[in-house]
Amino acid sequence: DTAVSQTPKYLVTQMGNDKSIKCEQNLGHDTMYWYKQDSKKFLKIMFSYNNKELIINETVPNRFSPKSPDKAHLNLHINSLELGDSAVYFCASSQLWGGSGETQYFGPGTRLLVL
Amino acid sequence: GDSVTQMEGPVTLSEEAFLTINCTYTATGYPSLFWYVQYPGEGLQLLLKATKADDKGSNKGFEATYRKETTSFHLEKGSVQVSDSAVYFCALSVMDTGNQFYFGTGTSLTVIP
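These protein sequence lines map, in sequence, to chains A and B. Counting in the numbering used here, the final residue of the first sequence is number 150, and the numbers go up one at a time with none missing. Counting in the numbering used here, the final residue of the second sequence is number 118, and the numbers go up one at a time with none missing.
Isolated chain A, as found in the complex (with noise of 0.2 Å):
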């Protein structure tokens, strides 16, 4: 069973249109997360969910809004995509939120391409 996983794995768009990425964990975590890595293979948080509530919101865009409907997934809805969005985007997930030495699993990430 895959503990993480992300749908689509490969998503090629065109610019300006809306897509989403869809996250589930099956580990009984109560945190989820959003990363970006760019081609640099540069790893950026966007996201995080605690419960269901957001958490962390880095500097992204507001054409990116996460959804969590449950604790069991966390989606990213993007908005009027651009060529910049164009990266790997990796949910990942930890058992507790805040706890000391927390591991966060990572799903197989969502490599999107913006045409």
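It should be emphasised that the hints constitute simulated quantities derived from the structure, not laboratory data. Note that CB positions come from ideal geometry on N, CA and C, so glycine has one too. Don't take every hint at face value.
What the hints assert, rightly or not - Here are the simulated distance ranges between beta carbons:
#	chain 1	residue 1	chain 2	residue 2	range
1	A	LEU118	B	GLU81	35 to 43 Å
2	A	VAL95	B	SER8	16 to 24 Å
3	B	GLU81	A	LYS75	23 to 31 Å
4	B	ILE117	A	SER55	23 to 31 Å
Stated by the list, open to error - Derived coverage of chain B by chain A (criterion: at least 3 residues anywhere in the stretch with Cβ under 8 Å from a Cβ of chain A; other residues may be distant):
#	segment
5	46 to 57
6	105 to 116
Starting from the known structure of chain A, arrange chain B on it as the hints suggest.
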């Protein structure tokens, strides 16, 4: 602020060579330190971690020791294999910031037969 500085790559080694990837950190609180590995086309996997000074994390022949005096967490392996080819990320988290992760820039390792 909290940050991680990681040795730039890419690193190319012959099979059975010794590997060191340097990682130093800056943290306002008392961090936990991690090494993650990303194989081509995959997500990140935890390789090892250490949660307090002088702890040594180890897994699959890799080791790293949490050195508070030098604020470092260097990754080492005595004899690398072709299958170790991947990108390695050093990361820290601090309870004061709710366990938010700060990643280094990643070091790409290629091991040639």
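Flag every earlier hint the structure violates by its number, smallest first.
4
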